[in-house]
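Undergrad: Protein sequence lines correspond, in order, to chains A and B. So for the first sequence, this note's numbering puts the first residue at -15; every next one is plus one. So for the second sequence, this note's numbering puts the first residue at 4; every next one is plus one.
These are computed hints drawn from the structure, not numbers from a lab. Hints may be right or wrong, so weigh each one.
Unchecked claim - Computed footprint of chain A on chain B, listed as stretches where at least three residues anywhere in the stretch have a Cβ under 8 angstroms from a Cβ of chain A:
hint, segment
1, 147 to 153
2, 160 to 170
3, 219 to 230
Just so we're clear, the structure is a prediction, and the values are computed from it rather than from any experiment. Glycine is no exception: its CB is placed at the ideal position from the N, C-alpha and C atoms.
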Amino acid sequence: MKSRVLSLVFFGAFLLSWEFFCHAAEIQPFILPAPSRILRIIAEEAPLLLRHGAATAIEILLGTALSVTAAVILAAAMFIFPAAEKALAPLLVASQAIPVFALAPLLVAWLGYGMGSKILMAAVIIFFPVTVSLLQGFKSCDADLARLFSAMGAGTWKTFRLLYWPWAMPYFFAGLRVAVSVAAIGAVIGEWVGSMRGLGFLMMQANARLRTDLVFASIAVLSALSIFLWKIVCFFEKKCVHWSDTTNSL
Amino acid sequence: MSPCRLTPSEEKSKVLIDSNWGSRYIPAERKLLSFDPWNLIRVMPAKGSAFFRKLPAASENSRLPIPGAFFMIEIKNFTKSFHNRLVIGDFSLFAREGTLTALLGPSGCGKSTFFDLLMGNISRDGGKLFLSGKEIPHLKGTAAYMSQKDLLLPWLTLRENALLPIAVKKTPSASDIREAEELFELLGLSGSGDLYPRHVSGGMAQRCTLARTILFRTPIVLLDEPFSAVDAITRQTLRSLLLLLRSRFRKTLLMITHDVEDALLLADSIIILSSAPMTAREKLAIPTPKENRQGDPSLQEKKERILAMLQEKVS
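Let the sequences and hints guide you as you build the complete structure.
TA: As structure tokens, then:
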């Protein structure tokens, strides 16, 4: 509670300093709008921001769902079949060397201007951290527990379901927490490259018309969206991983 | 009459009852221990209660070794190599029902590999395994496993943890759950079934582990260095629980350890192991009754001899 108050105080002080700086230096709103102006734009343009924010939120959620599904399957396969890990791990690492900005135009070319390319963009950007976290979770399981399950005569599926999966849950949620916050980056990059809706699209449009205040308003909505998704993950983490001390919240 | 006082007939029959549980008399096995585990395990069903009638009490005669008793487990000529390096070489042992056999050897001599071979976690290069005279490939499903860690799953309640050996095979039935509750009552865990391991003390966690080991419903228990890295209180609790497993539940125990004192205090026979490759160097029978072991000069001699053997190997 104390740290939460402290962070609110810090954030308030930052906004006040920003406000003061904009007025004192007489900075034009199209260069750097003051926080009060951004808040006013958020209130005035709420329907527009909500419409585009909803599109981005859907892209993030679907991208996360797609990525998590693929990550769970791949991590489980790589854990159960070590040969699969040997074969796929180099490809997985190499995929992280590809800049997402380079991928975005290709995805738009392949999947069009619709939501598909943005969903895939979000999925691509979060796939790696979730897969690696989950695999790490499976591998970190206590060898003595594995021995215990073996002694009980548990098969691969039972051992996976009753031991490895719950064991890896804290790792999975740690990866997912990072993932939902960076998924927004993937979706927005996709929208920048080519789309007809979304906060990235709105930012590009506003920037072209020197509506810097609207760009900042879009960024504020995007940040709020990321924090909201983070909180949702934290909520489910506390429900699902009640035994772990590593559960975190913002 | 006080419920704690025995009638003359009960007094007469108390020697036939495994006195570790239910009796207010200090049992021989507890005399062995300088620390009284009774202080940790207070809530016990009264002598003559339904639980005691249901469970067949182990007689004094079940305190093996008994000459000519049936071989429970027999291992013949186990061998295992890793990368052309012999890790276990021609290792054999037998253990009778209800005995505790300690495998005593230096760290890294291949004891854990031996357990993995027994459990079928890794394949052996040669050797045979017999259970009650019948050859079997491994002890998976036949032996329970217990280590110095309680190995309770933190996401399951104590009851669910205890029922785990059943849950991996089928959904526990009402009678399974009732059996777990009865064991909890016996072990002083009444009303703790819905607690999670993080909410209970180390001693309670160990008793839950014991309940789980019993619910394996297997005749053999493999103990992997059960007393290493535990504090003095937990060590004493574990010792008493092991003796309970052996005497009351008639389990055959194979314990790997590097602690000479534990082996001498608890085991019916000790196999001294040599390392690289692991072979049975010498087998010692400990005929002294457990209650008389503490301070027994012959055991002190044995201890020195064993230590000399182990040091000789190291040097």
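Undergrad: Run every hint past the structure and note whether it holds.
TA: Tested hints:
1. Counting residues of the segment 147 to 153 of chain B whose C-beta sits closer than 8 angstroms to any C-beta of chain A gives 4, which meets the bar of three, so the coverage hint holds.
2. Here's how the segment 160 to 170 of chain B fares: 3 of its residues keep a CB closer than 8 angstroms to some CB of chain A, so the rule of at least three is met and the hint holds.
3. Here the segment 219 to 230 of chain B counts 3 residues with a CB under 8 angstroms from a CB of chain A, which clears the bar of 3, and the coverage holds.
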